[in-house]
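With chain A's structure known, arrange chains B, C and D on it following the hints.
Next come the chains, spelled out residue by residue.
4 protein chains.
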Amino acid sequence: MRKRIVSVIGGHNCTEEVEQLAHNLGKKLAKVVSILACGGLSGVMKAVAKGFKTGGGLTIGITPGYNKNEANSFIDVVIPTGLGLARNVLVVKSADVVVALPGEAGTLSEIAYCLQFGIPVISLKSWDIPGVIKVDTVEEAIREVKAKLKPR
Amino acid sequence: MRKRIVSVIGGHNCTEEVEQLAHNLGKKLAKVVSILACGGLSGVMKAVAKGFKTGGGLTIGITPGYNKNEANSFIDVVIPTGLGLARNVLVVKSADVVVALPGEAGTLSEIAYCLQFGIPVISLKSWDIPGVIKVDTVEEAIREVKAKLKPR
Amino acid sequence: MRKRIVSVIGGHNCTEEVEQLAHNLGKKLAKVVSILACGGLSGVMKAVAKGFKTGGGLTIGITPGYNKNEANSFIDVVIPTGLGLARNVLVVKSADVVVALPGEAGTLSEIAYCLQFGIPVISLKSWDIPGVIKVDTVEEAIREVKAKLKPR
Amino acid sequence: MRKRIVSVIGGHNCTEEVEQLAHNLGKKLAKVVSILACGGLSGVMKAVAKGFKTGGGLTIGITPGYNKNEANSFIDVVIPTGLGLARNVLVVKSADVVVALPGEAGTLSEIAYCLQFGIPVISLKSWDIPGVIKVDTVEEAIREVKAKLKPR
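Protein chains in written order, with the numbering used here: chain A, 425 to 576; chain B, 425 to 576; chain C, 425 to 576; chain D, 425 to 576.
With the rest of the complex left out, here is chain A (with noise of 0.2 Å):
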């Protein structure tokens, strides 16, 4: 049976907070998804893969140029686009649902994408656009998760 994927995405650059919030979210989205996507690389993606790995979740790291070793240590299947950033549009594209946490431009886009994919994306503590579904808990994005992955 096809694999449920969430992607979480935010910024290559954290603060310690939010990477703390990023591991925690992730821990937590191992007991409701088996497969976590995300960009790959560090800040907010490499938090939430560790904490997925902790939950015993399988992680996948879409990464924007050739070199696997780009991806974090916790990332353990990378998929290597070459495509800078219009690897964004994949790591959105691949999931069932979207959470966003703090992050730049970047961050941005990817929420941009969902809208216009018409992904579910759940905004904890992350950019406020007309369509995305605000949160302020990691308790809350995972109730949102639930709600969002349709039973089969």
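Warning: the hint list may mix true and false statements.
It does not matter which identical chain is meant; a pair holds if it fits inside one copy or across any two.
What the hints assert, rightly or not - Mimicking SDA-like on lysine to any residue, the simulated pairs with C-alpha atoms at most 20 Å apart in a straight line are:
hint, residue 1, residue 2
1, 427, 479
2, 477, 458
3, 558, 528
4, 427, 458
5, 427, 477
6, 492, 540
7, 574, 440
8, 574, 553
9, 549, 425
10, 452, 575
11, 477, 490
12, 455, 439
13, 427, 480
14, 549, 572
15, 474, 574
16, 549, 444
17, 574, 526
18, 477, 428
19, 427, 439
20, 427, 478
21, 570, 560
Since the hints were derived computationally from the structure, they do not count as laboratory data.
Same frame as chain A, now just chains B, C and D:
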């Protein structure tokens, strides 16, 4: 000598008012830059290409599909990427300066890419995101385009 | 620890004989590598995924369109790229080693990318291009895959 | 009216003889088609662009990276894709007809894409793959280009 390129982004559906704005913008841009790039489809993309051609410029349409006929009839040169929405990256990265007209999530993704690349993006009644140059009239937009085109 | 990936490429239409070959190859590859990547569609891609799953492995389909349902039913994880034929690059670049089965121009483009990237490509009754490792049986292919997977 | 585009493909390293061939081809192509597309880099791409400009045409370079300066100095319009080798698809798909000069695996991937798309590809001392139109001289290549450009 390398040609200067301006990209204009905006919705594939637009009101008659925005269509008029895009046409007017295109016509005036053609006096300032020799080449216009855009997404090549309908709405803002078609109106601005029509105006730019009226003004005497050359238009490039960087389209999402593989069929050249997808491009509107005011596009001189079609680059049919087949990349879907990932082609948004190319539309803005080709440009020395970008003007954003009203549009939805697709336009937002393109503005986000401009910010990430450091390409100046002038928002003419479009999204108001930190980092864009907000203007209210075609004249102001043209003035900003001129200012951003570094003399060589 | 990073998962090893084998990619199998080949035609989306194939004879029953090649289908059997692909299925058999997939089944045996699953004993050697934990993850199979492929283009996710029909023909060789479907038969090899079916075999690989029978053998107990995890299958990733890197598909050209945006619709996850485009993937065959033996794909566990769909990466719906929307990149059209440009997704061929990702299919081979994800792999540590590639096996080519009979196919037409699409398969040839993927073999060419392997050669350009320096990814070992084993041709099992497929294109005979300078640089590929020609083999005639599934057993030989498996032996070459094992040899090319660098021990860690 | 939509501009016709010819793409010329070939190695980024080439012998002086091939360089001369590419330059000569470019110069003569400019009398037949108004726009040349190519990969924008060195070797065949540079020589053909130089010839095409000498002949009075407009040159487009569809480059793999994000830096416009990566393009050779005979490129009028740079489309800096950032797509790496996936940009090969765009180089050939932009064209009404393609001429292949000697090159290695990159050139082979482009020929393969032509065959897959059904774009006529004329091989001038390049790869001999079923489906290409083999020619031995620039004159023959020009004659084939003319034949393939459908009258409108």
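Now for the hints, and whether the structure bears them out:
1. 427 <-> 479: both (17 Å within a copy, 18 Å between copies)
2. 477 <-> 458: both (10 Å within a copy, 17 Å between copies)
3. 558 <-> 528: both (17 Å within a copy, 19 Å between copies)
4. 427 <-> 458: Result: close both inside a copy and across copies, 7 Å intra and 16 Å inter.
5. 427 <-> 477: both (16 Å within a copy, 13 Å between copies)
6. 492 <-> 540: Between copies, since 16 Å is at most 20 Å while 29 Å is not.
7. 574 <-> 440: neither (33 Å within a copy, 37 Å between copies)
8. 574 <-> 553: neither (24 Å within a copy, 33 Å between copies)
9. 549 <-> 425: neither (33 Å within a copy, 31 Å between copies)
10. 452 <-> 575: within (19 Å within a copy, 34 Å between copies)
11. 477 <-> 490: Result: close neither inside a copy nor across copies, 24 Å intra and 28 Å inter.
12. 455 <-> 439: Neither. Shortest intra-copy (25 Å) and inter-copy (43 Å) distances fail the 20 Å Cα cut-off.
13. 427 <-> 480: The answer is both: 15 Å in one copy and 15 Å across copies each meet 20 Å.
14. 549 <-> 572: So residue 549 and residue 572 pass the 20 Å test inside one copy only (19 Å; across, 34 Å).
15. 474 <-> 574: Close neither inside one copy (26 Å) nor across copies (26 Å); limit 20 Å.
16. 549 <-> 444: Within one copy only: 13 Å inside a chain, 38 Å across chains, cut-off 20 Å.
17. 574 <-> 526: neither (26 Å within a copy, 33 Å between copies)
18. 477 <-> 428: The answer is both: 16 Å in one copy and 17 Å across copies each meet 20 Å.
19. 427 <-> 439: neither (32 Å within a copy, 30 Å between copies)
20. 427 <-> 478: both (19 Å within a copy, 17 Å between copies)
21. 570 <-> 560: within (16 Å within a copy, 43 Å between copies)
In summary, the structure is inconsistent with hints 7, 8, 9, 11, 12, 15, 17, 19 from the numbered list given earlier, while agreeing with the others.
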